[in-house]
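> The chain contents come next:
There are 2 protein chains.
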Amino acid sequence: MAAESVLISEVGPRDGLQNCKGIMPTAAKQAWIAALAAAGLKEIEVGSFVSPKLLPQMADTGEVTRAALDLEGLTVAVLVPNLKGAQLAVDAGVHKITLPLSVSETHSLRNLRRTHDQVIDEAKAITAMLAELPAEKRPHFEGSLSTAFGCTLEGAVPEATILRCAERLVEAGCHEVGISDTTGYGDPKSVKALIRSVRGAVGDDMVTGVHLHNTRGLGLANALAAYEEGIDTFDSSLGGLGGCPTAPGASGNIVTEDLVFMFEAMGVSTGVDIDALMKTREQVAAVLPDEELYGFTPRAGLPLGFAAANVAA
Amino acid sequence: MAAESVLISEVGPRDGLQNCKGIMPTAAKQAWIAALAAAGLKEIEVGSFVSPKLLPQMADTGEVTRAALDLEGLTVAVLVPNLKGAQLAVDAGVHKITLPLSVSETHSLRNLRRTHDQVIDEAKAITAMLAELPAEKRPHFEGSLSTAFGCTLEGAVPEATILRCAERLVEAGCHEVGISDTTGYGDPKSVKALIRSVRGAVGDDMVTGVHLHNTRGLGLANALAAYEEGIDTFDSSLGGLGGCPTAPGASGNIVTEDLVFMFEAMGVSTGVDIDALMKTREQVAAVLPDEELYGFTPRAGLPLGFAAANVAA
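If you read the protein sequences in the order shown, they are chains V and Y. Residues in the first sequence are numbered from 24 upward in steps of one, following the numbering used here. Residues in the second sequence are numbered from 24 upward in steps of one, following the numbering used here.
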């Protein structure tokens, strides 16, 4: 059931950078994304088409996207909060868009200033807009269940609410439903259980990816649990960049370097050259010297005689 | 197959403190161990009966042991490198002794200055010494397979060598065989595979505990893998204290706080009051201010509405 290879979807340029105090200059973003792709990452979330007033770190997403589209074989993904963002993403020519739907309605109102009904309406409007495009210009459309393992404002969200959100995203035309542990509340047992429930509601093929955080240190254990449950796409961020917006001092996304090491050590191919990947930390540190870069494998180095799965393959 | 409750064996006062540059004063050790036991930890490795010239941090193990034995319900464990250490441990009245056997003979020679044959001879001598004791004074005797997932000097160690070491420990009279990822080389797949192999060689009942490190960030994922394989005893260290002796800047033992959080979140009882546990970090920081304390749960705090398994039970 578990996959022989996995897709690591690097979200550092989006989820990482949007939570940094400093702003990475456009040229540095483009060079970093190019280096990440050269290290073997096949999907990168390069930015977010949101209001530059809300997230000035993402103001250059258009330029960053256009440069990323020149990188051969790379799936260029962006986050969009609404139809307007999706339209900008389509204009830029992205391959994939992700619309977050926070299953905690309190969080949805606070973060996107929209109720569940309003987010679903945006999803429907995006689907209608995409339907007008020729097939080759139509990006993959993911709806993502944010705060799926609990919310810092509401606590646990009832499973029935989560499953209804998943069903409504599919009914609204999403091609895929992601599960996001925005708050780092998940644990291996709840990760497995929720994957099974959401798949039960919308079908196994509709749920292939998870977005996990490492807020309480369980990120890789949760990724392992998801992998054992048949998930084959994992969001992560180089250096766990960006920290956790709701918990100062705590880490944010799971660390790409450690995630890649875990899978390669298990003999599960990621296609990533881990040495080249780790080297890109220098690019981040050079322009964002005050940001903490997480990750244990870069500090400890690889085991003596370590052979990556994709080298052996 | 997986257990409903697990035993967390706190090794901070031994494996943590022996890798610290500073020396924790005896009274501070005793107070910290008392606080750890009060937080619900039922087994603590309080020190090591080794030469104080080699490890001055452990010179007061006798005094620390005697104070720990006054703590009701606590299993007091120590590490011993040889018969002489085991005799001192018995004289002090400990409940459990652990003799490490490094499956990498290079590491064994470097660390304990003994070949495999010589360590096995010590094990036999310890067994003979224990046999002379009345049953109620006889400590539990664990033989531990160090560097079981690879060695920083030798790299991977052949499985046949590891299994032969396990068999010889049992033949020499050990009551239990532990599996130790001294170097942080293990991954979830190799952890599961080795537990299965060692159990195949010496019997399921002889292998119930693992000692994992978090050197490359995989500590909790490896603990989860071991748990899924039926292991119910986990060594860990408060704050991941002590770092990694072979990799400066990298972390060492898995962090007790995060491990307890993982299990409790999964509904697996540890018996530990996680708030009381986290509070003991202050005692360590007060006397060892230069030591880095690891752990994400203490930084992020518990999830909103979090109910521990042992509170619910």
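Note that these hints are calculated values from the structure, not bench results. Some clues are possibly wrong.
Identical copies look the same in the list; a pair holds intra-copy or inter-copy alike.
Said to hold, decoys possible - No farther apart than 16 Å at their CA atoms in a straight line, the calculated lysine to aspartate or glutamate pairs in the EDC-like style are these:
id, residue 1, residue 2
1, Lys107, Asp227
2, Lys212, Glu251
3, Lys302, Glu86
4, Lys119, Glu199
5, Lys44, Glu314
6, Lys160, Glu305
7, Lys215, Glu251
8, Lys65, Glu305
9, Lys215, Glu314
10, Lys212, Asp144
11, Lys212, Glu252
12, Lys212, Glu27
13, Lys215, Asp255
14, Lys107, Asp144
15, Lys119, Glu190
16, Lys302, Glu252
17, Lys107, Glu66
18, Lys65, Asp83
19, Lys65, Glu155
20, Lys65, Asp296
21, Lys147, Glu252
22, Lys65, Asp93
23, Lys212, Glu66
> Run every hint past the structure and note whether it holds.
Do the hints match the structure? See the list:
In this assembly of identical chains, Lys107 and Asp227 lie within 16 Å of each other by CA distance neither inside one copy nor across copies; the values are 30 Å within and 60 Å between. Proximity of Lys212 to Glu251 under the C-alpha cut-off of 16 Å is found in both arrangements, the shortest distances being 11 Å within a copy and 11 Å between copies. In this assembly of identical chains, the alpha carbons of Lys302 and Glu86 never lie at most 16 Å apart, being 24 Å within a copy and 48 Å across copies at closest. Taking the shortest Cα distances, Lys119 and Glu199 sit within 16 Å of each other inside one copy (11 Å), while across copies they are farther apart (53 Å).
Taking identical chains as interchangeable, the C-alpha atoms of Lys44 and Glu314 lie at most 16 Å apart only when both belong to the same chain, with a minimum of 8 Å there against 28 Å between chains. In this assembly of identical chains, the alpha carbons of Lys160 and Glu305 never lie at most 16 Å apart, being 35 Å within a copy and 57 Å across copies at closest. In this assembly of identical chains, the alpha carbons of Lys215 and Glu251 lie at most 16 Å apart whether taken from the same copy (8 Å) or from different copies (13 Å). Taking the shortest Cα distances, Lys65 and Glu305 never come within 16 Å of each other, neither inside one copy (21 Å) nor across copies (44 Å).
In this assembly of identical chains, the alpha carbons of Lys215 and Glu314 never lie at most 16 Å apart, being 32 Å within a copy and 36 Å across copies at closest. In the homo-oligomer, the alpha carbons of Lys212 and Asp144 never lie at most 16 Å apart, since the shortest distance is 33 Å inside one protomer and 44 Å across protomers. Taking the shortest Cα distances, Lys212 and Glu252 sit within 16 Å of each other both inside one copy (11 Å) and across copies (15 Å). With identical chains, the CA atoms of Lys212 and Glu27 are at most 16 Å apart between copies only, with a shortest distance of 13 Å across copies and 22 Å within one.
Within a single copy, Lys215 and Asp255 get their C-alpha atoms as close as 13 Å, which meets the 16 Å cut-off; across copies the closest is 20 Å, which misses it. Taking CA atoms no more than 16 Å apart as the test, Lys107 paired with Asp144 passes inside one copy only; the shortest distance there is 13 Å, against 75 Å between copies. Neither within a single protomer nor between protomers do Lys119 and Glu190 lie at most 16 Å apart by alpha-carbon distance, with minima of 20 Å and 55 Å respectively. When the C-alpha separation of Lys302 and Glu252 is checked against a cutoff of 16 Å, the pair qualifies neither within a copy, at 32 Å, nor between copies, at 36 Å.
When the C-alpha separation of Lys107 and Glu66 is checked against a cutoff of 16 Å, the pair qualifies neither within a copy, at 23 Å, nor between copies, at 58 Å. Within a single copy, Lys65 and Asp83 get their C-alpha atoms no closer than 22 Å, and across copies no closer than 55 Å, so neither meets the 16 Å cut-off. In this homomeric assembly, Lys65 and Glu155 never come within 16 Å of each other (Cα to Cα): the closest approach is 28 Å inside a single copy and 65 Å across copies. Only within a single protomer do Lys65 and Asp296 lie at most 16 Å apart by alpha-carbon distance; the minimum there is 12 Å, versus 43 Å between protomers.
Taking identical chains as interchangeable, the C-alpha atoms of Lys147 and Glu252 are never at most 16 Å apart, the minima being 30 Å within one chain and 45 Å between chains. For the homomeric pair Lys65 and Asp93, the shortest alpha-carbon distance inside one copy (13 Å) is at most 16 Å, but the shortest distance between copies (59 Å) is not. Taking CA atoms no more than 16 Å apart as the test, Lys212 paired with Glu66 passes in neither setting, with 28 Å inside one copy and 26 Å between copies.
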